[in-house]
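Student: Quick mapping for you: the protein sequence lines, in order, are chains V and D. Per our numbering, the first sequence starts with residue 1, numbered consecutively. Per our numbering, the second sequence starts with residue 1001, numbered consecutively.
Calculated directly from the structure, the hints in this document are not laboratory data. Keep in mind that a hint or two might mislead.
Computed beta-carbon distance windows for the label pairs [claimed, not checked]: (1) D:W1127 - V:R23: 19 to 27 Å; (2) V:F43 - D:W1160: 40 to 48 Å; (3) D:W1160 - V:M76: 21 to 29 Å; (4) D:K1132 - V:A250: 32 to 40 Å.
In this text, a Cβ means the ideal position worked out from N, Cα and C, and glycines have one as well.
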Amino acid sequence: MVIEKGKKKKIYTGLKRSTRIIRNLTLIIPAAILILMIIVALFADLGWIGLPDIGLAPQDPNATHPRDKLLPPSFMEGGKSDYFLGTDRLGRDLFSRVIYGARVSLSVSLIVIFITALIGTILGILSGYKGGRADAFIMRVTDVALSFPGLLLAMLLWVAIGPGYWTVVLALSVLGWAGYARMIRGESLRIRESDFVAQAQVVGATTWRVMFKHIFPNIVNSLIVIMTLQIGMMILAEAALSFLGLGITAPTASWGSIVADGRTELDRAWWISAFPGICIGLVVMAGNFLGDWIRDKLDPRLRQL
Amino acid sequence: MTRFIIVRILQAIVALIGITILVFFLVRVSGDPMALIASPNLSEEQYQKIKESLGLDKSWGEQFWIYIKEMTRGNLGESLIREKPVTTMIGESLPNTLKMTVPSFVLSMLLAFFLGIMAATYRDSFWDNGVKFLAVLGQALPGFWVAIMAVLIFSVYLEWLPVAGMSTPAHYVLPVLTMVFFMLPGMMRLVRSSMLDVLDSEYIKLARIKGLPERVVIWKHALRNALITPLTIIGMLLPTLVVGAVISEQIFNWPGMGSMILRATFERDFPVVQAITVLVAIMVLGVNLLVDILYAYIDPQIRYQRS
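I would like the entire structure built from these sequences, with the hints used as guidance.
Tutor: Printed below as a string of structure tokens:
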């Protein structure tokens, strides 16, 4: 055997140093973006803890300034320092609107994620553990829910119960559980065959007890992974609804509706549509990268190569 | 196999009935649709007359019965606002939607398969990284925003492409690309991972060992097997297709089904919304059924089941 000289003997540490740094960065950057956005959304104003005068948003997002219509961002020629990202056609401060928009986008998606995860987990475990007819029925409904266009349902609900915050939440929740149900069912099927489940059954544990004391703790990791990956999906879905006018009603700002507002002013004021879209892209990307990172840590089996 | 298909068809019919009932009552829980149509200064007599002509004076049960009866005859009701049968409205707008969605779908699938296979075959190459980058962007940026930025660049600043309408081939470029942006990234990723799975299998190793040219290994042996997974989830592309069509039609003023149903929603024209929802439900169930049958045909465990 020829030993190459001049090469230092390397100690195997698992991964290359550069790979490790990149791995860490794919956690730190997305997490920082998400935390920043959550802080921005929470502290846009402090009205909710009785301090309406303090907040991150420099202005009231709905205050109009008829003299300052369609001003460019302050860093561009012709911009005013009062309006960091410029103003829209009613002279509203775009920066403040984007900050308040974070509130709608993030709160809707987080609420929907919790509702759908709850329903999906219960149905998924039930389906996987009980099997038989319950399983067949739940999975058929899941198939339909997975392939039914959520947008149509949102329209239907818009007609049926009128526009509003909770209409959006409902529209996204009614079909959103299906992805969880399918995934969790698969996991439950696998865990059902474990010895500890058999032992629990032998000592007479009830179905509910087996489902939630024995199966549930073993699917928590997968659940966290899916929930994180859903942040981006839900923000995109909410933005699409707001963009089409099926979301939160005007004048409340949401990222999707600000992009829609800017459509008619594209030739004069590109910034109105551009900036909220960049925010959506950043947050969604952050959510997806964070989800990928958590998946690699907790549940590499879910990886799609 | 026959038994399996019959059971699936029956299940689809039950699901369709369920959805129809749900949709019918959902659009009516908002209260009296008359309040939305009739202007407040109508006399009591006129009000009743309109109500009768629309069949709204009958009970929900009766209305539902009439609705089902008419639907089996191919009558989907009449628009409250436009006073046209919904079927006529669909007849006017569906061709326009198809003119946009069909090329988009075909283009997306061709690109998805080509790029996905190239990325998997030349793993970690320039191709692969490009595809991964495109997938990351495609899954993070909102399609409507990308479309508007494309309008900003290609129509407003460069003035290369028109924004609204559908009169010349140039009008098709941006709407079709918008829809491709919606459909391509997910499908491309799936083809790539499916192909990677297949390339890792024993029979591909065998094909290589016995000295087949790489071209034959990839495009004949691997491709056939890599197609199965993406084909079976084509049903799940429907929601994306609908969202893409509605958004694309909205942005580019395309006179198709998407614009029509969006307008009907804002006008609270519930017979139109209801009819289109039921039609889409039929489509969804139909596609799922086809995928099930296709899957049954591919999967020998089901294919050889005794009935």
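Student: Please go over all the hints and tell whether each is borne out by the structure.
Tutor: Here's how the hints hold up against the structure:
In this structure, D:W1127 and V:R23 meet the distance hint of 19 to 27 Å, their C-beta atoms being roughly 24 Å apart. With their beta carbons about 44 Å apart, V:F43 and D:W1160 fall inside the hinted range of 40 to 48 Å. A beta carbon spacing of about 25 Å between D:W1160 and V:M76 agrees with the range 21 to 29 Å that was offered as a hint. For D:K1132 and V:A250, the Cβ-Cβ distance of about 39 Å falls inside the hinted range of 32 to 40 Å, so the restraint holds.
Hint check: no violations occur; every hint is consistent with the structure.
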